[in-house]
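Since the structure of chain A is already known, use the hints to place chain X on it.
Residue numbers (my numbering), protein chains in the order written: chain A, 1 to 114; chain X, 1 to 116.
Be a bit skeptical, because a hint or two may be false.
Simulated crosslink set (BS3-like; lysine-lysine; CA at most 30 Å straight-line) [claimed, not checked]: (1) Lys11(X) to Lys38(A); (2) Lys38(A) to Lys16(A); (3) Lys38(A) to Lys3(A); (4) Lys113(A) to Lys70(A); (5) Lys38(A) to Lys113(A); (6) Lys17(X) to Lys57(X); (7) Lys3(A) to Lys57(X); (8) Lys38(A) to Lys57(X).
Simulated from the structure, these hints should not be mistaken for laboratory data.
Spelled out from the first residue to the last, the chains are:
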Amino acid sequence: AQKVTQAQTEISVVEKEDVTLDCVYETRDTTYYLFWYKQPPSGELVFLIRRNSFDEQNEISGRYSWNFQKSTSSFNFTITASQVVDSAVYFCVYGSGNTGKLIFGQGTTLQVKP
Amino acid sequence: GAGVSQSPSNKVTEKGKDVELRCDPISGHTALYWYRQSLGQGLEFLIYFQGNSAPDKSGLPSDRFSAERTGGSVSTLTIQRTQQEDSAVYLCASSLVAGVGTDTQYFGPGTRLTVL
Chain A
1 AQKVTQAQTE ISVVEKEDVT LDCVYETRDT TYYLFWYKQP PSGELVFLIR RNSFDEQNEI
61 SGRYSWNFQK STSSFNFTIT ASQVVDSAVY FCVYGSGNTG KLIFGQGTTL QVKP
Chain X
1 GAGVSQSPSN KVTEKGKDVE LRCDPISGHT ALYWYRQSLG QGLEFLIYFQ GNSAPDKSGL
61 PSDRFSAERT GGSVSTLTIQ RTQQEDSAVY LCASSLVAGV GTDTQYFGPG TRLTVL
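Looking at chain A on its own, in the form it has when it is part of the complex:
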C-alpha cells in the first residue's frame, strides 16, 4: 500500500530563515503524482504544486522550491527567506493513476516567528 511520511511534526523558525520540509513516500506504482498543499490557520487547503513520477526536475516558484528524487522516494519542499504568512500546516500528498484518491502525509506545522 502507498504511504506518505512527514517525519517533522512541527518546525519553528525565525523570519527570513530558510526551511525545508521533508517528505518520503512508499509505492510500487510506476505512475504516480505527488503534491504539496498548505493549510493556513483559516483551515482551507491550498494547492501548491503537482509533480508526476516521470519528471524529476526541480521546480522553483518565487520563494518556494521542490526537490523530487525517485532514488530516495523523497519530495522535499524548501521555503527561502520565510515570512510570518508562511505559518501553516503543510501536507505532502500522493496520488496514483487515474483514481481520484489522495493519500495525505501527517502534515508538518510550520511556525515562522517575527
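Below, chain X without anything else, positioned relative to chain A:
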C-alpha cells in the same frame, strides 16, 4: 470565480442523530471528493464521484456513512446514528475531471462536526 462551498460550516449534534453535510463544487467540475480530517487519523479519503457515480467508496468507515450526488453537481454526505468518533472536519474537493494525473483537486472550507 466561486470556489467549493460547504454547509453548514459547523454542526453540533447529539450521539445517535443523523446529519447531512452539503458540498457545492466549482461550476463545471465533474469530479467531487469527500475527505475527513481528525486529530487521531489525519486527513483521510472517504469517497469520490465522477458525475453522479461513485467509482471509489473505499474510504467510507462504516455503513452508517453514505453519499450521493445528483445532477452532477451538489453532493450530500450523510452520517446515520452519529457516534463521538465521527467528530471531525469533513472536507469536500472538486476537480475538472477525476484522476489525480489529469487535474488538481480544489478544497472547500470544510464542515466541523461535533458529536456530543
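Exercise. Of the hints given before, which are not true for this structure?
Worked result: Checked against the structure, the only hint that fails is number 4, while the rest are satisfied.
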